[in-house]
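Just need the whole structure built from these sequences, with the hints factored in.
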Amino acid sequence: MKSIYGLYSDPDTAQRAVDRLRTAGATDPAIVVISSEPFEEYEFSHRDHATWMYWIAGGGGAAGCAFAYWLTSVTQQLWPLNTAGMPIVSGIPNAIVIFEMTMLGAILATVITLLVSARLPTRQEHIYDTEISDGYILVGVENPEDANVDAYHAALESAGQGRVKRTA
Amino acid sequence: MGVNRTLNKPISDDLTRPLFHTSVWFYGLVLALGTVVACGAAAWGTQIWYGIGLTGKRWPVFWGFYLTNFVFWIGISHAGTLISAILRLVNATWRRPVTRCAEVITVFALMIGAMFPLIHLGRPWLFFWLVPYPSAREIWPNFRSPLVWDFFAINTYLTGSLLFLFLPMIPDLALVRDRATGFRRRIYGALALGWRGTTRQWHRLESAMQIMAIAILPVAISVHTIVSFDFSMAPVPMWHSTIFGPYFVAGAIFSGIAALIIAMAVLRRTLNLEAYLYPVHFENLGKLLLLMSLLWVYFVFAERLTVWYGNDPSEMAVFWATQRGTYAPLFWTMVTCNFLIPFPILALKKTRTIAGTVIASFAVLIGMWLERFLIIVPSLGHKSLPYSWGTYRPQPVEIVIMASTFAAMALLYTLFSKFVPIISIWELKVGDHPRPKLTPQELDEAAGLWRTQP
Amino acid sequence: MPHRWGMAVDLDRCTGCEACVVACHAENNIPIVGPDQASRGRAMHWIRVERYWEGDFPEVSVKFRPVLCQQCDAAPCEAVCPTYASHHTDEGLNAQVYNRCIGTRYCGNACAYNVRFFNFFNPQWEKPLHLQLNPDVSVREVGVMEKCTFCVQRIKAAKSAARAEGHGLVDGVLQTACAQACPTTALVFGDLNDPESRVARLSRSPRGSKLLEDLGSEPKVTYLARQPWA
Chain A
4 MKSIYGLYSD PDTAQRAVDR LRTAGATDPA IVVISSEPFE EYEFSHRDHA TWMYWIAGGG
64 GAAGCAFAYW LTSVTQQLWP LNTAGMPIVS GIPNAIVIFE MTMLGAILAT VITLLVSARL
124 PTRQEHIYDT EISDGYILVG VENPEDANVD AYHAALESAG QGRVKRTA
Chain B
0 MGVNRTLNKP ISDDLTRPLF HTSVWFYGLV LALGTVVACG AAAWGTQIWY GIGLTGKRWP
60 VFWGFYLTNF VFWIGISHAG TLISAILRLV NATWRRPVTR CAEVITVFAL MIGAMFPLIH
120 LGRPWLFFWL VPYPSAREIW PNFRSPLVWD FFAINTYLTG SLLFLFLPMI PDLALVRDRA
180 TGFRRRIYGA LALGWRGTTR QWHRLESAMQ IMAIAILPVA ISVHTIVSFD FSMAPVPMWH
240 STIFGPYFVA GAIFSGIAAL IIAMAVLRRT LNLEAYLYPV HFENLGKLLL LMSLLWVYFV
300 FAERLTVWYG NDPSEMAVFW ATQRGTYAPL FWTMVTCNFL IPFPILALKK TRTIAGTVIA
360 SFAVLIGMWL ERFLIIVPSL GHKSLPYSWG TYRPQPVEIV IMASTFAAMA LLYTLFSKFV
420 PIISIWELKV GDHPRPKLTP QELDEAAGLW RTQP
Chain C
781 MPHRWGMAVD LDRCTGCEAC VVACHAENNI PIVGPDQASR GRAMHWIRVE RYWEGDFPEV
841 SVKFRPVLCQ QCDAAPCEAV CPTYASHHTD EGLNAQVYNR CIGTRYCGNA CAYNVRFFNF
901 FNPQWEKPLH LQLNPDVSVR EVGVMEKCTF CVQRIKAAKS AARAEGHGLV DGVLQTACAQ
961 ACPTTALVFG DLNDPESRVA RLSRSPRGSK LLEDLGSEPK VTYLARQPWA
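Protein chains in written order, with my numbering: chain A, 4 to 171; chain B, 0 to 453; chain C, 781 to 1010.
Calculated from the structure, these hints are not laboratory results.
Accuracy of the hints is not assured; some may be wrong.
Said to hold, decoys possible - Listed next, the in silico EDC-like pairs over lysine to aspartate or glutamate satisfying Cα-Cα at most 20 angstroms (straight line):
1. Lys417/B - Asp13/B
2. Lys5/A - Asp149/A
3. Lys168/A - Asp177/B
4. Lys907/C - Glu807/C
5. Lys8/B - Asp137/A
6. Lys5/A - Glu160/A
7. Lys990/C - Asp13/B
8. Lys8/B - Asp132/A
9. Lys8/B - Glu160/A
As the list claims (entries may be wrong) - Here are the computed distance ranges between Cβ atoms for each label pair:
10. Tyr386/B - Gly814/C: 44 to 52 angstroms
11. Arg984/C - Ser134/B: 40 to 48 angstroms
12. Glu205/B - Pro32/A: 14 to 22 angstroms
13. Phe342/B - Asn879/C: 47 to 55 angstroms
14. Arg984/C - Asp311/B: 27 to 35 angstroms
To be verified - Computed footprint of chain C on chain B; a stretch qualifies when at least three of its residues, placed anywhere within it, have a C-beta under 8 angstroms from a C-beta of chain C:
15. 43-52
16. 55-67
17. 121-133
18. 229-237
19. 385-392
Every residue, glycine too, gets a C-beta built ideally from N, C-alpha and C.
Quick look at the structure:
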């Protein structure tokens, strides 16, 4: 897997590298920034803003709610047994179970969405360098076209203190 | 000027050192704790073989130590949620080194607490009848029963807490993966799910954590409320009280914070984390503990005053049994441990040190355990018909099993801190961020690279 | 008209002889736990005679009260059982299904009358006492809750016999073991839905009251108050 990237020691330099790459012709989806901690204050983190996770969590909650409503009312009627004179389908006790399953649905939906959208777990080879775990920030392009590689190299080198690497 | 702020290698080194270096103390501790846990398992096996008769339970005190421990451990599990979720939602930065310690307590306390409903069953091999599954007999659990609510609530909370613990662990597992070699690298690699740390992944993770924090809070509150419903739904004097829901939740958070302080203090000493867990963390938690102690006093006072004013004969029998009768020594010990000892220690800044908060926390844990016991046993022993009153004496089986659960908690915690960094490395680093420079001009100026063209 | 089984206990006639307790043990295969376990509070008497002393010597009196399962219509024990082992039948009985019981003992706690009992150990009958067990009633294993069933096995047998013979149940023929053994007929069992039955008439007596009625459990056993000595 071909890639070209630079390793920088602070986020300011990384931000500059991203800007220089853009000037050199790389599109935003092609630019990869990898770090060992999130940098929410920097512009380069904001490219993938998506708030639809909240909606999916809500959807999961609704699914849990519906399932629990069905479970409690249907099973209570399958073999109706009188306990303490309470109604066969008891609303308030059922509401407790429905609440729990709603929250479980929301939680599971969130986690599944996270795994799917963050592309975890992954078997494919992607751009990475273990030096990221030592704190370096990787800014690069995966599978760059041969024509642009030199321009990218120049852009990454000019960003500031850092090392530029290529993989074949 | 190009300061290496993010080269936090020393932090990563410190916090992953326990994973790569094992001392002989570790093996000794695991062996000792493992032995106690094995004794508990043997005791449980004996109890399954002979019957619940080996315990001290009797007519009419059908619940004793096991339910006390159940409520106690589920209560302790509220530590993680408070610290992690609430502080995360209000952006309190001092939570960062503390979150994973707290979340781990939650998960293990829940697992241990959830064992007790199994241990106390008369026919534990049939516990799965609490699970709503379609069977040929077409009979399902009774959704009107608080124990079935317990099943759903605790499972939801356990699932939620496990995920709440695991999700922020992924980046740290990736970090350990990058530093490990051989077999360990593969295991951590599998656990890290191929995490790389792209901006997209970070963004998704942070959104997910935000949603989880919002979702896990009502679940946590509902869990201990439902546990309190185990008692308040029965027409037993001094159980059938509307205050039980909030009372139990407040008590849970109270005991949870105490457990967290003790865990943090132990970790700080054994793993040499003095550079990460500062006295100010203990001070802040100590202030919270003080607040919860006052809240606990408020609830107990409100409940007992109401009972005393009501003068209902059944309730007064229980009231006097705890205040002046057989259970008075335990009751006053509880008040001392929950209020008289912690209050002065935590109220004065001079004594609100690490040692001070740890002493207060131990007192609180003893006091809260006694509170659970005093809720369950005196009421059951003094129900409405005086001819059937009875007292309860715990038997060796119950004491051994209870001791083994404490050992199990310590053991699980020790093993966890051996295999996973106990302080969330990436969250710690995020707290160190400088003010960002976003415009190209700012960036170039800062680097001394001012250019006239981009 | 479906049956509604109930009982009346005349406290004026009860002498505290405890024949009802013995009869119940014999009829329902209730385990004899032994003196050691009984001292630990594990005795199982589905019906017990409660005894309260009043006053000081020489103005001392004792009050007897047989207490058994009240078969409450709003039984707190029924709602809290997680496996439906405790539920209400159409004939007003609080049924205990031994096979469904997993032994949480929540019902025992919820019962305000303390009439529920738990098998702390496997019951044992020394030979040849095992030969006197009632074949119509099961023997419960360890970990299961049990309580008075209003001798449901006798109710079922009487109903089957009456149906086979083609007539309805006659009041007074079907009796629980305790009512049958009571020498003073202090315990009266019958169908509350039959307005002419003895138990229905006694339930309407001005001397009648229910035990712990204010708890809202709607018990079906009427206690007839003691008359003052003339």
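Hint check:
1. Annotation: proposed proximity of Lys417/B to Asp13/B holds, straight-line Cα distance about 13 angstroms (limit 20 angstroms).
2. Using a Cα cut-off of 20 angstroms, the hinted pair Lys5/A and Asp149/A holds, with the two alpha carbons roughly 10 angstroms apart.
3. With a C-alpha separation of about 18 angstroms, the suggested pairing of Lys168/A with Asp177/B holds against the 20 angstroms cut-off.
4. A hinted pair counts as satisfied when its Cα atoms are at most 20 angstroms apart, and Lys907/C with Glu807/C qualifies at roughly 18 angstroms.
5. Pair hint Lys8/B plus Asp137/A holds up; C-alpha atoms about 5 angstroms apart against a cutoff of 20 angstroms.
6. For the hint pairing Lys5/A with Glu160/A, the CA-to-CA distance comes to about 18 angstroms; that is within 20 angstroms, so the pair holds.
7. Between Lys990/C and Asp13/B, the direct Cα distance comes to roughly 72 angstroms. Violation of the 20 angstroms bound is thereby established for this hinted pair.
8. For the given pair, Lys8/B sits about 15 angstroms from Asp132/A by alpha-carbon distance, which is consistent with the 20 angstroms threshold.
9. Proximity of Lys8/B to Glu160/A is assessed by CA-CA distance (about 24 angstroms); at most 20 angstroms being required, the pair is judged violated.
10. Distance hint check: the CB atoms of Tyr386/B and Gly814/C are about 21 angstroms apart, inconsistent with the given range 44 to 52 angstroms.
11. For the pair Arg984/C and Ser134/B, the supplied restraint of 40 to 48 angstroms holds, since their beta-carbon distance comes to about 45 angstroms.
12. One distance hint, 14 to 22 angstroms for the beta-carbon pair Glu205/B and Pro32/A, holds here, with the actual separation near 20 angstroms.
13. One distance hint, 47 to 55 angstroms for the beta-carbon pair Phe342/B and Asn879/C, holds here, with the actual separation near 53 angstroms.
14. For the pair Arg984/C and Asp311/B, the beta carbons lie near 30 angstroms from each other, so the given range of 27 to 35 angstroms is met.
15. Given a C-beta distance limit of less than 8 angstroms, the hint that chain C covers the segment 43-52 of chain B holds, as 4 residues qualify and 3 suffice.
16. Three residues within the 8 angstroms Cβ limit are the bar, and the segment 55-67 of chain B against chain C gives 8, so the coverage statement holds.
17. Closer than 8 angstroms: that is the beta-carbon criterion, and the segment 121-133 of chain B has 7 residues meeting it against chain C, so the requirement of 3 holds.
18. Residues of the segment 229-237 of chain B lying with their CB closer than 8 angstroms to a CB of chain C number 5, which satisfies the three-residue condition for coverage.
19. Beta-carbon proximity to chain C at under 8 angstroms applies to 4 residues in the segment 385-392 of chain B; the threshold of 3 is reached and the given coverage holds.
When the structure is compared with the earlier hints, violations turn up for hints 7, 9 and 10 and for no others.
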